[in-house]
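Just so you know, the sequences run in chain order Z and S.
Take the first sequence: its position 218, counting from 1, is numbered 218 in UniProt numbering, and each next residue is one higher.
Take the second sequence: its position 512, counting from 1, is numbered 512 in UniProt numbering, and each next residue is one higher.
Watch out, some of these pointers could steer you wrong.
Heads up, the list lumps identical chains together, so a pair's fine if it works in one copy or across two of them.
Using 20 Å as the maximum straight-line C-alpha spacing, the simulated PhoX-like pairs for lysine-lysine come out as follows [said to hold, decoys possible]:
id	residue 1	residue 2
1	K30	K667
2	K672	K52
3	K667	K110
4	K30	K280
5	K336	K280
6	K30	K110
7	K373	K667
8	K110	K336
The set of hints was computed from the structure by calculation and includes no laboratory data.
Since the model is a prediction, treat every value here as computed from it, not as a measurement.
There are 2 protein chains.
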Amino acid sequence: MTEHAVTDPDVMDARAINTIRGICMDAVQKAESGHPGTPMGIAPVAYTLWQKFLRFDPADPIWPNRDRFVLSEGHASALLWSLLHLTGVRAVDPDYEVLGRPAVTMDDLKTFRQLDSHCPGHPEYRWTSGVEATTGPLGQGVAMSVGMAMSGQWLATRYNREGFPLFDFDVYALAGDGCMMEGVSNEAASVAGHQKLSNLCWIYDSNRVTIEGHTDITFTEDVAARFLAYGWNVTTVADANNLGMVARALHSFRTEHTRPTLILVHSHIGYGSPMEDTPKVHGSPLGEQAVRATKRVFGLPENLDFYVPDGIYEWFERGVGTRGAAARAAWEASFKEYANTFPALADEIERMQTRELPIGWDADLSPFPADPKGVASRASSGQVLNDIARNVPWLVGGSADLTPSTDTWLKVDGGTGFEPADRAARNFHHGVREHAAAAMSNGMALTKLRPFWSGFLIFSDYARGAIRLSALMEVPVIHIFTHDSIGVGEDGPTHQPVEQLASLRAMPGLMVFRPADANEVVECWRVVAGLRREPAVMVLSRQALPTFDRSVVHSADGAARGAYVLADPPGGGDPDVLLLSTGSEVALAMNARDELAAEGIGARVVSMPCWELFDRQPAEYRDEVLPPSVTARVGIEQASSFGWDRYVGPAGAIIAMHTFGASAPLKQLLSKFGFTPDRVTEVARDLVREQHGEGTS
Amino acid sequence: MTEHAVTDPDVMDARAINTIRGICMDAVQKAESGHPGTPMGIAPVAYTLWQKFLRFDPADPIWPNRDRFVLSEGHASALLWSLLHLTGVRAVDPDYEVLGRPAVTMDDLKTFRQLDSHCPGHPEYRWTSGVEATTGPLGQGVAMSVGMAMSGQWLATRYNREGFPLFDFDVYALAGDGCMMEGVSNEAASVAGHQKLSNLCWIYDSNRVTIEGHTDITFTEDVAARFLAYGWNVTTVADANNLGMVARALHSFRTEHTRPTLILVHSHIGYGSPMEDTPKVHGSPLGEQAVRATKRVFGLPENLDFYVPDGIYEWFERGVGTRGAAARAAWEASFKEYANTFPALADEIERMQTRELPIGWDADLSPFPADPKGVASRASSGQVLNDIARNVPWLVGGSADLTPSTDTWLKVDGGTGFEPADRAARNFHHGVREHAAAAMSNGMALTKLRPFWSGFLIFSDYARGAIRLSALMEVPVIHIFTHDSIGVGEDGPTHQPVEQLASLRAMPGLMVFRPADANEVVECWRVVAGLRREPAVMVLSRQALPTFDRSVVHSADGAARGAYVLADPPGGGDPDVLLLSTGSEVALAMNARDELAAEGIGARVVSMPCWELFDRQPAEYRDEVLPPSVTARVGIEQASSFGWDRYVGPAGAIIAMHTFGASAPLKQLLSKFGFTPDRVTEVARDLVREQHGEGTS
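Turn these sequences into a full structure, and let the hints guide you.
Next comes the structure, spelled out in structure tokens:
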């Protein structure tokens, strides 16, 4: 580790690259699990990018204007762990404080893939700082990088001022053959080309080997030509080990100002090992013997594990470290001055970083008046969304080509759409690309915008891979889904969600809201807007829902507790039966309550807009809302009954969908599938009679 | 309707096309709901294809060698309904008998989008004959068409013999801008190019208008260049109304023998109407006035609705009808002769058509011997799958690049992979394209092969859009998912399914199997193979599962009832507590049962490999397995607890996942997340004590 060891830059480059390869091999070998081949093949490219191009300060890995590096081929995580370790990236705590300790210690590397190591099997955002996005499910990383690049353009346009180029970061994503095959990456690449994201660079690590064998067996398209068709700049590096070629390609990205860039790099999986260019080296350790043989090829001491030659840490410090520190220092000085000149804008930038909202963000929220005819929750939500957006400048959103149907167009700030010529617009046209829409929204959230996107609830299925990542990364993306049930009507079963609500509720860490009327919409939005670490799903109706008269029923504030008593038996007294429901079915429950009252049966209506919130309430509150003594309970929801038993219990009944829907006007569907006051009344009456005999209380 | 009316073919062509347009406008107008614009724009192309090219006999819409027409832009269903009506397609019953009545009557057209009409909002397979695939969720139709085209190649190679070209059908899909944007279509197009499917023709109806506006706002890639990059033949029709150009393009497809063909057709949404080329005409009726104005443009009597001019039915009869009837008659004669020469092959073809299995298909299934160390269910399943495949020649399958991990390679018939040079292979390399893999499998099932495909359970999320269509269409695709839980281990939370089981169980019509040991694997496969109308999901472990000693525990036959008593308390007597579980957790329950027995607590272990089957059993059986009197119940599953309450009840407990998983070796994860015999024992003991006081039975 003596300074004089750093003499010939070429020697140091080679040494640094082989150090990375050695660590990757050793980490996988020690874990007896992992993916050594990809890191070994692409290490020279990742090294060159980090050491010579990336504007990233290891001392502050959350500096807002850092270049982003997304390892889309997340199985190559050992490569990232090596880089985070060797460059000395600092840890960051959950409150966005940079800590003194390293993000990845040598001990972490040695406990790769073991419980609690900061080097898990795949890159995990928020678990290890320096990870810009959770990756592993292929295609997601590149798709998120498109969202990040759009954010970069948006931030630059909103915040940069003459003499203050606060935001000009680039976004790099490293992707393999698998990423290139996934539909979500195709969708996102099309968007990036359309949007002319010249701050975006995908490095395609083409080793042409996947788990089943050579890509010749299934993937023979001309990827370069495909990206040219999308409108990208495409350049090729014929040999991943040729650092000069790699650097020239990265330079060509830097000088391209009108298109995103694809660098197609020909690499060799498991480079240097006896199993080079074979699937064997993809997903298992090389074995002790092959590790030693490979270390000999790389000039590494074959009996030393996790070997870091003298001077390597310093070498990284001199490269990415020094460059990043200087860039950050200059930026911070500039930002200080900027804050004096543009205090309001600086305040916005600062709040965004810690996911705070502006003071007074909810000033425009106001209750909706009672209205028996009512309003579709998509429409009330659209109004509330605009009321919030007016005060939260970085709340931006788009739709997968359904804005007019989902009612999510932001009319604020000119009400325009984000385009190359209009980079400060608040609306994004994602096209008919649900999966990319969700993934790009994740990328926007990772760059600290507050994004939503919208579609029909049925198409949440297309986006699940990305919705799951919102939850796993704990980023507060808002997924807005309208047309939430057989309420879709004539479009029929292909467009009528049934199992989607249950599917989303089953996902850990996701908050699913299905408000019953316009005032619940307001209260649900109030909760959602305040979320800092949890993604939310808003499930909204196409059809009008009556706005309850809150002077007669309980306040919609209860929505914030997930479920609440909307109304007790009109005649007073303890309820004989509980009617539990969400969304459009709450009004149905209210009607049944009246019918039951006429028969002398006391029904309580419980509105349950967010099960996850309700489950978090103290038992006392839950028992107050759903008294354990009342076992006559009817769950009513135009969705799969799956999951309702938790609240309804074995003595209760569930009025729900047990098949797919049908194509017909809603009224016909309601009677076909049994969502009528008479049916609810009948089921409730039968339950009460069963339990109490013919005479009811 | 006089014969002499049919004079000038050009006049009749124009009249037929405008008739279709008129019906589409009227149907949408009458329904006050639907999508008139697309049919009006693309009618000339669909007409030309049907009338002049399609080898399809309306008198037998399930003739095995018919050309397939998939309306991937399913919102244009009125176009298909018009064609099915005008060509006189016959209805087919669920047992594959062609009926005398028409598939689509004039009354059906007039009740478009009403309950029970055979003209629902989107094309629904099995509901209306002549519909080759359920479409509407964009991208699915084109992706299925790739599976159909692969099936066509496979069938030809397996069954055609010198002088008997039994299978040479072509597959056409009509797709819009939305289909082209969806990831699943990109994935499938890449496969089609790689596989050189020259029997596949996509017609791209490029009207460049989507719901949010002109495609300029989000979709400006060069689609033709993209398809060239995939290896397709691409040809352009500059004007959808130029029937000569359309015919020439379709001819060019017919003469292309090495590549799939994309015909890019420039069309005008809402052609002829006042709102032509605007999004207004996409998804709502034109309005009475505009309908009349448009009819004038088309020379249709403006005051007659659903007008079919004299001679039009006969004209279709002379075109597609006569050509189709001749082709089918020739085929049937040929097949008769073929059946004499190759009776075994003919028998296969006939059984496939009605989804029967060969006699003796399960002859090779045999029980696995008891083995405490056991075998991963992916491995036992792989063996059983091969045992079945040996006797079911049209059981074919593939994987989204995970065959070595999912253990689904078929070793039968040479054990090769399907490629242009090997069209009879039983294995398909779908590449890292889960969504297309599932959609293409749907297409293969629609052409009566018996397909499976495999991946990791976590990636079922990527394929949900297509899995749902398996269920909605009621086609028996087998979706095989391994790596079914935190049992994945070191790969960590991105690869560990949690909510996927619940999500799949919530889907109507889908059968989800999670067998506990090798013998349950056999029995589950026995059920799955026999399914004729239901898709199944097999959920299998990566890690070894002990093979229970069936001389000690109950027979695995019980798996066929969905859930069964695997073992009662070792000491005999009624159980104090029920341990309910599936898959890998059943062995855990068995261990806890022993621990509990040592404490004098009698535990029954219930294995529940298929909830859907169990829910269908008579109440008597269900109560026998889960006696209502025993409310101390523990549900144990390495998945979201969502849905378990149904069996466990409010007095029970659920040991499940409440968060995402973590990256670590399985043993560490089992104790971190509480899947240990001690924990199960503790929870069960507490429940029993709570209910019975400290002294237990």
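Consistency of the hints with the structure:
no., hint, verdict
1, K30 / K667, "between (64 Å within a copy, 17 Å between copies)"
2, K672 / K52, "neither (66 Å within a copy, 42 Å between copies)"
3, K667 / K110, "between (64 Å within a copy, 19 Å between copies)"
4, K30 / K280, "within (17 Å within a copy, 62 Å between copies)"
5, K336 / K280, "neither (53 Å within a copy, 50 Å between copies)"
6, K30 / K110, "within (7 Å within a copy, 70 Å between copies)"
7, K373 / K667, "within (15 Å within a copy, 58 Å between copies)"
8, K110 / K336, "neither (41 Å within a copy, 70 Å between copies)"
In this structure, the hints that do not hold are numbers 2, 5 and 8, in rising order.
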